[in-house]
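This is what each chain is made of:
Number of protein chains: 2
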Amino acid sequence: MPSSAIRKLVPLSDAASARGVKVYHLNVGAPDIKSPSCAIDAVVDRCKSLHHLSYTNSAGLIELRKAMVEKYYRKIGIDIAPEELLVEVAGSEAFSCAMQIAADRGDEIIVVEPFYTNYQTFAYLYGITLKAVPTDIRNGFAIPDISEFEKLVTDRTRAVLLSNPCNPSGKLFTKEEMCAIGEFCRRHDLFLISDEVYREFCYTNEPHFSAMNIPGCEQNVILVDSVSKRYNLCGARIGCIISHNREVMAAAMKFAQSRLCPPVFGQYAALGALDTPQSYFDEVRQEYIRRRDCAVRLLNEIPGVYASMPYGAFYTIAELPVENAEDFAKWMLSEFSRDSRTTMITPAESFYKTPHAGRNQARIAYVLDVPELEDAISILADGLKQYVSTR
Amino acid sequence: MPSSAIRKLVPLSDAASARGVKVYHLNVGAPDIKSPSCAIDAVVDRCKSLHHLSYTNSAGLIELRKAMVEKYYRKIGIDIAPEELLVEVAGSEAFSCAMQIAADRGDEIIVVEPFYTNYQTFAYLYGITLKAVPTDIRNGFAIPDISEFEKLVTDRTRAVLLSNPCNPSGKLFTKEEMCAIGEFCRRHDLFLISDEVYREFCYTNEPHFSAMNIPGCEQNVILVDSVSKRYNLCGARIGCIISHNREVMAAAMKFAQSRLCPPVFGQYAALGALDTPQSYFDEVRQEYIRRRDCAVRLLNEIPGVYASMPYGAFYTIAELPVENAEDFAKWMLSEFSRDSRTTMITPAESFYKTPHAGRNQARIAYVLDVPELEDAISILADGLKQYVSTR
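Here the protein sequences come in this chain order: E and V. In this text, residue positions in the first sequence follow this note's numbering: the first is 76, and each later residue adds one. In this text, residue positions in the second sequence follow this note's numbering: the first is 76, and each later residue adds one.
Hints listed in this document are in silico derivations from the structure and should not be mistaken for laboratory results. Beta carbons: idealized from backbone N, C-alpha and C, even for Gly. Take the hints with a grain of salt, since some may be wrong.
Where chain V lies over chain E, by a calculated footprint (3+ residues, C-beta under 8 angstroms) [said to hold, decoys possible]:
{"no.": "1", "segment": "98–107"}
{"no.": "2", "segment": "322–332"}
{"no.": "3", "segment": "448–462"}
Restraint-style ranges between C-beta atoms, simulated for each label pair [claimed, not checked]:
{"no.": "4", "chain 1": "E", "residue 1": "215", "chain 2": "V", "residue 2": "180", "range": "37 to 43 angstroms"}
{"no.": "5", "chain 1": "E", "residue 1": "180", "chain 2": "V", "residue 2": "262", "range": "29 to 35 angstroms"}
{"no.": "6", "chain 1": "V", "residue 1": "209", "chain 2": "E", "residue 2": "321", "range": "47 to 53 angstroms"}
{"no.": "7", "chain 1": "V", "residue 1": "138", "chain 2": "E", "residue 2": "215", "range": "54 to 60 angstroms"}
{"no.": "8", "chain 1": "V", "residue 1": "217", "chain 2": "E", "residue 2": "149", "range": "42 to 48 angstroms"}
{"no.": "9", "chain 1": "E", "residue 1": "145", "chain 2": "V", "residue 2": "138", "range": "35 to 41 angstroms"}
{"no.": "10", "chain 1": "E", "residue 1": "429", "chain 2": "V", "residue 2": "179", "range": "24 to 30 angstroms"}
{"no.": "11", "chain 1": "V", "residue 1": "413", "chain 2": "E", "residue 2": "149", "range": "40 to 46 angstroms"}
Using the sequences and the accompanying hints, generate a full structural model.
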């Protein structure tokens with residue numbers, strides 16, 4: 076079992092805090108924005124009349140499944156029945172389950188690189204080999220021609236797995252790109268596992284195009300979703316898996332039964348969150364656009380740094396003028412500070428499968444408000460200057 | 076992936092309900108007893124001052140880990156440090172994680188049979204072979220001589236796995252039995268995975284003897300625990316894994332990081348639950364003793380039925396005068412009712428690894444109050460009489 080690449084610098088960060096150094100966490104996608112009050116109020120209301128907190132159905136409360144379908148997915152143009160949605164213990168369980176449904180030990184899944192690092196963690200656990208389609212930071216992480224996917228197909232290929240918007244690159248897949256990948260999946264009889272947990276964080280004026288709406292791909296698509304980011308409820312640990320494919324849903328139910336049920340207080344919060352007004356999402360989106368614009372501008376002002384412009388999620392990948400971004404990230408935590416403050420970033424190499432790819436890159440999460448973000452990136456710039464000059 | 080044996084009759088039960096038949100659920104260990112108000116109040120209090128529900132440390136809130144150690148484990152004589160306890164997504168994740176830590180694909184784990192059916196589910200998923208030490212219902216499921224364990228040892232054996240008190244048998248392991256198994260584990264350098272989620276449900280006057288207190292076994296024992304049953308908080312999905320073995324805890328942390336964090340509202344409830352007064356446990360225990368005595372007496376009054384006396388948990392295994400208890404359980408749901416009521420039980424075969432063992436047995440959960448329990452077992456008796464007479 077490999078260590079979490081995102082979390083393995085945590086001991087150094089803890090040590091810095093223990094020395095009295097304030098650490099700006101640009102390393103994790105842990106938003107600081109207020110959860111919708113309707114979500115929290117729903118938990119309180121349920122608690123008031125609660126006798127005992129029993130198990131729910133393994134697939135989640137039926138009222139939650141129905142409400143998700145009617146109040147959220149219908150509104151955004153994803154047309155499903157409640158039995159095509161199963162509540163999971165956050166997006167983590169949803170994609171872990173989707174990968175196990177799609178592939179057996181020894182099978183292969185094609186991923187678009189860079190990708191969320193825990194895809195590799197679970198692939199390792201389940202004996203699944205990830206085969207990477209590379210994309211290029213200098214080209215906005217655009218999806219290459221489908222012939223690049225074709226090259227990777229073997230008789231063990233079972234699925235394509237991607238996140239849209241993409242963590243870590245901020246890449247937003249166009250309708251054309253999604254349809255091309257969908258057609259590829261249909262032609263080779265592959266599942267398309269589409270992780271859309273950042274759906275509400277898109278910064279173009281186009282609506283998000285879900286894999287669920289690729290024509291003719293109904294039996295191939297497994298959608299992974301979560302309330303963590305959408306409602307700033309990361310700790311609720313509620314997500315879902317969605318598919319029109321009945322065999323997929325039957326398999327998901329078997330996995331769900333093995334862990335009995337999803338967290339019930341979190342299900343209450345998710346139910347309440349469905350009444351979140353559109354104005355909440357609009358405000359949050361504007362806030363992230365401000366943060367993104369600030370982060371990308373300031374990063375690109377640092378000599379030798381190239382930060383790509385993300386069109387979704389709340390991350391950017393930045394090339395740094397260093398050989399090994401992990402060494403630099405460690406140095407920032409253990410040897411550098413400015414006025415007792417330092418900045419933590421995530422080295423990007425673990426988001427890549429191709430050997431050595433991304434070694435000089437870092438993922439920057441723009442999850443602080445603008446004044447803090449400015450200070451954090453200014454400190455990063457100073458650190459980088461000193462690091463580079465002494466090497 | 077096999078279906079959950081406990082939950083696979085659910086569609087028949089749902090169909091019976093849809094026909095207007097009330098189903099008494101003696102099939103699942105879902106207690107109906109009030110959760111401690113301090114647990115629910117803690118959630119409400121936290122909600123009142125909550126800005127946003129963020130991730131916690133993957134190992135759980137440090138204040139929860141400290142409070143569990145100080146307010147619960149110390150009190151019951153289990154002496155651990157907070158870093159020897161990691162918060163899990165209920166007992167399910169805790170034993171799933173313990174099994175993966177102890178054994179690789181192709182390895183073997185010795186289980187005491189009958190055993191909780193999801194041990195087999197996860198063993199299947201992880202490519203682990205369970206080897207069963209049989210126990211006998213007519214002998215109170217007593218642990219056989221250690222030579223029966225010795226017979227099963229191969230060079231792939233990695234652990235012994237048991238639940239104490241035992242789900243499904245209600246067997247309560249004595250200090251002598253636990254020490255003998257511990258000595259066996261030490262001798263063969265095996266882990267001892269001790270699932271003690273029913274610890275507060277013991278009906279002898281002896282204190283529960285935890286595997287954590289087997290002398291000399293400190294590096295072998297992995298304790299699995301949960302708040303589900305202890306505080307009637309099944310839906311909170313909070314449990315923990317405990318070990319003095321640092322390598323075990325480091326591995327558990329890697330698994331924990333892959334799913335980011337345990338449910339946070341549930342962690343709040345677990346924190347509040349630690350203030351539950353002893354009187355709560357005493358009352359609950361007395362209630363279960365009443366239910367147990369009622370269930371075992373009434374079951375043994377049914378011609379041809381033999382129900383064993385459980386000394387812990389809230390299940391009894393009953394031998395029925397049928398060839399196949401699963402067929403009978405299905406018949407009770409689909410073809411029998413009395414005054415629009417029927418009784419659901421769990422066929423016991425899936426609690427056994429030995430082929431055909433337990434086929435004429437059922438697990439009865441005494442989780443209803445005495446009047447309902449009486450009615451449910453009376454209906455079971457009538458059903459059994461009719462079923463037997465027509466075969």
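Checked hints:
1. 98–107: It holds: at least three residues are needed, and the segment 98–107 of chain E offers 4 whose Cβ sits within less than 8 angstroms of chain V.
2. 322–332: holds (count 4)
3. 448–462: violated (count 0)
4. E:215 to V:180: 37 to 43 angstroms: 41 angstroms, holds
5. E:180 to V:262: 29 to 35 angstroms: Distance hint for residue 180 of chain E, residue 262 of chain V holds at roughly 33 angstroms.
6. V:209 to E:321: 47 to 53 angstroms: Violated - the Cβ-Cβ distance for residue 209 of chain V and residue 321 of chain E, about 39 angstroms, lies outside 47 to 53 angstroms.
7. V:138 to E:215: 54 to 60 angstroms: Violated, at about 44 angstroms.
8. V:217 to E:149: 42 to 48 angstroms: 58 angstroms, violated
9. E:145 to V:138: 35 to 41 angstroms: Check passed, 39 angstroms falls within 35 to 41 angstroms.
10. E:429 to V:179: 24 to 30 angstroms: At 28 angstroms between Cβs, range holds.
11. V:413 to E:149: 40 to 46 angstroms: Given about 43 angstroms between the Cβ atoms, the range holds.
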